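Trainee: Sequence:
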Amino acid sequence: MSIAVHCKQNENFNVLCSSGGRAFLSRYVAERCDVCPFYPVHRHEELEVVLVCDGTLTVCCDGVNYTATKGDVCVFPPFSMHAFCALSSQSVTLHAVLLNFRLASNSRDFVGVDRYAAFFNGSAPACHMHGDNADEIGATINALFCARTNSDETAVEVGNLLALLQSHATVGSPSITDRKRTHAARQAIDYVAATLPGRIEVADVAGHCGYSEFYLMKLFKAFTGFSVIDYANRLRLFNAERLLSSGNRAVCDIARAVGFENISYFNRQFLRLYGMTPTEFRDGLTQTID
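Each residue of the sequence shown is one higher than the one before, counting from 30 in our numbering.
To be clear, the hints were calculated from the coordinates, so they are not data collected in a lab.
Be aware that a few hints might be false.
As the list claims (entries may be wrong) - Taking lysine to any residue pairs in the SDA-like style, the calculated list, with each CA pair at most 25 Å apart, reads:
hint, residue 1, residue 2
1, K247, Y95
2, K250, G288
3, K250, S204
4, K247, R177
As the list claims (entries may be wrong) - What follows is a set of in silico ranges between Cβ atoms, one per label pair, in the way DEER data are often shown:
hint, residue 1, residue 2, range
5, F108, G160, 23 to 29 Å
6, T96, G236, 30 to 36 Å
7, C281, R177, 45 to 51 Å
As the structure is a computational prediction, the values presented were derived from the model and not from experiment.
Glycine included, C-beta positions come from ideal geometry on N, C-alpha and C.
Can you build the whole structure from these sequences, using the hints too?
Mentor: Have a look at this one:
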């Protein structure tokens with residue numbers, strides 16, 4: 030079985046770019062090999078708006094889980110914890126736009142940064158749009174992908190996108206309870222990532238966060254979609270996939286590097302999640318490149 034080489038394409042729009050060469054606006058295309066079967070929880074300082082161009086995804090963002098299908102739009106505020114994966118073996122394509130308002134100083138008047146502060150100060154929560162609302166925003170995202178770099182057209186579409194998001198946004202500050210839950214979940218997720226490839230125990234994660242094991246397990250499942258142990262194993266396999274894709278290390282060495290001491294168990298877990306053995310996965314990459 031062959032699979033496509035990772036094909037994420039990053040392109041910075043230098044229009045609306047601040048000093049240092051980093052872009053206020055960037056975009057990427059992700060296909061199934063980038064998001065399936067598991068892409069771990071992550072966060073970044075950009076506002077991210079994702080259009081599902083094809084396929085179906087399970088999405089988890091700040092404790093809210095949902096399914097996104099073709100034509101839906103997912104909005105992830107800055108520093109929100111989000112993860113997604115494709116369902117089964119179907120094709121998936123995403124178009125995503127990222128806006129970093131910290132880098133917008135040179136274009137403050139042009140894009141009206143102050144008018145859209147709710148998206149960058151935590152007042153506007155993550156959201157999932159479908160139907161007519163998603164159609165409008167999706168069309169604007171596609172227009173941004175068609176617009177020429179450094180063009181007035183690109184700048185206009187950025188303004189259109191922000192205006193549409195603002196018109197559909199529900200603004201409100203998160204409660205103290207929600208903030209505490211998010212902070213605890215972030216601690217737990219970061220602890221698991223930092224502890225790997227070492228052994229993960231629920232008791233250790235709970236103790237690190239200062240909560241009971243029962244509460245920690247419920248919280249972790251809400252924010253990741255998985256139990257602590259299942260998430261840790263999937264993260265090990267995700268790391269193994271990256272190593273398989275980027276070099277020629279022996280499979281047994283990769284298994285040990287990500288925390289699997291039993292090679293047979295590693296092979297079974299990889300097959301269960303990816304539908305192929307690690308060797309078949311690597312051979313598929315080689316065939317695609319050839």
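Trainee: Mind listing which of the numbered hints don't hold for this structure, in increasing order?
Mentor: Number 4 only.
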